[in-house]
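Student: Just need the whole structure built from these sequences, with the hints factored in.
The numbering of the sequence shown is the working numbering, which starts it at 10 and goes up by one.
Since the hints were derived computationally from the structure, they do not count as laboratory data.
The hints are all genuine.
With a straight-line cut-off of 20 Å between C-alpha atoms, the simulated PhoX-like cross-links for lysine-lysine are:
1. Lys82 / Lys19
2. Lys63 / Lys74
3. Lys21 / Lys82
4. Lys19 / Lys63
5. Lys74 / Lys19
6. Lys63 / Lys82
7. Lys37 / Lys50
8. Lys63 / Lys21
9. Lys50 / Lys35
All of these numbers come straight from a predicted model, not from anything done at the bench.
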Amino acid sequence: MSMIVARMQKMKAENLVGIGNHNQRKTKNHSNPDIDTSLSKLNYDLVDHTQNYKTDIENFINENKSTTRAVRKDAVLVNEWIIS
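Tutor: Okay, here's the thing in structure tokens:
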């Protein structure tokens, strides 16, 4: 039987550095023993800029927002989707 999984998580500014490091496998300490780091080279981002999620997302928002109002400190900046 085939299954599809879709997961969405809202991310605020304080989450972006950590999730970026996690997604790019920048740390060597993995709590899941089933992770095969030799396959990490097969991972890809649909949008790949500076490898710093927080900087990339904040720059994108500031360049494309339609008002002069500041972005709230507790605002959701991005939604992360995992679909398999």
